[in-house]
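**Q** Sequence:
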Amino acid sequence: MKKFITLISLTAILIISILVLSSGCGGNKLPGVEEIINETTGNEGKTDSKTGDENATAEEIVEVNYDNAEYGAEYTIHMTQYIPSGKETMVKATVKNTSDFIWNVGGPNPVRLGYHLDEVTPGSPQFDGAGRGILPHNIKPGESVDIFIPMSTPDVPGYYNVNFDMVIEGILWFSSKGAPTHTRVRVYFGP
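In short: position in the sequence shown from 1, add 1018, done, that's the numbering used here.
Worth double-checking, as some hints may not be accurate.
[Unchecked claim] Calculated pairs, DSS-like style, for lysine-lysine (alpha carbon to alpha carbon, straight line, at most 25 Å):
(1) Lys1195 x Lys1158
(2) Lys1158 x Lys1110
(3) Lys1158 x Lys1114
(4) Lys1105 x Lys1195
[As the list claims (entries may be wrong)] So the derived label-pair ranges between C-beta atoms look like this:
(5) Tyr1084 x Glu1106: 15 to 23 Å
(6) Asn1083 x Ile1152: 20 to 28 Å
(7) Ser1103 x Pro1159: 33 to 41 Å
(8) Glu1081 x Lys1114: 21 to 29 Å
Keep in mind that the hints were calculated from the coordinates and are not lab data. No experiment lies behind these values; they were computed from the predicted model shown. Just so you know, even glycine gets a beta-carbon here, dropped at the ideal spot from N, CA and C.
Given the sequences, and given the hints that come with them, work out the whole structure.
**A** This is the structure we're talking about:
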């Protein structure tokens, strides 16, 4: 009797294995799952230059000598003239790398998009925004990219100039080296 149950169990396992293999569901992959994952993560066609992994997400960090670098960026900012005060909003910026070096997305000093607010209405404080726009990948000189930056608005209503500026975290703001910022004049933060 024990041999008969073992034979039936082995037969069932064999039949299930044949059905799984013939349906194209071999291994750990289900049909279409890899395509959905790549579409969701944006990893389709990316290759890690060190490992050859076609779906790598890590970017190679490029060494840059910032002492002799030329800093620059061109900005197109997509935001309204009125934003409620005391809130967080997401601002889209299209930024072109006009520097002479690659902007690294990772590493100890990544390049990010930041902003400062300057008062226009007397009594409105100056406000350095903590939000940073993260690059989607390393940006080569001459390349443009869309960046989304979370903007926390001041609690004090009033008119502000919004100055967008690229920053190498822990090192410097591009404007400190003479690169122009993008100023969106007279944005009203209010109730």
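**Q** A separate judgement is required for each hint: does it hold in the structure or not?
**A** Against the structure, the hints come out as follows:
no. : hint                          : result
1   : Lys1195 x Lys1158             : 19 Å, holds
2   : Lys1158 x Lys1110             : 20 Å, holds
3   : Lys1158 x Lys1114             : 9 Å, holds
4   : Lys1105 x Lys1195             : 31 Å, violated
5   : Tyr1084 x Glu1106: 15 to 23 Å : 31 Å, violated
6   : Asn1083 x Ile1152: 20 to 28 Å : 24 Å, holds
7   : Ser1103 x Pro1159: 33 to 41 Å : 38 Å, holds
8   : Glu1081 x Lys1114: 21 to 29 Å : 23 Å, holds
When the structure is compared with the earlier hints, violations turn up for hints 4, 5 and for no others.
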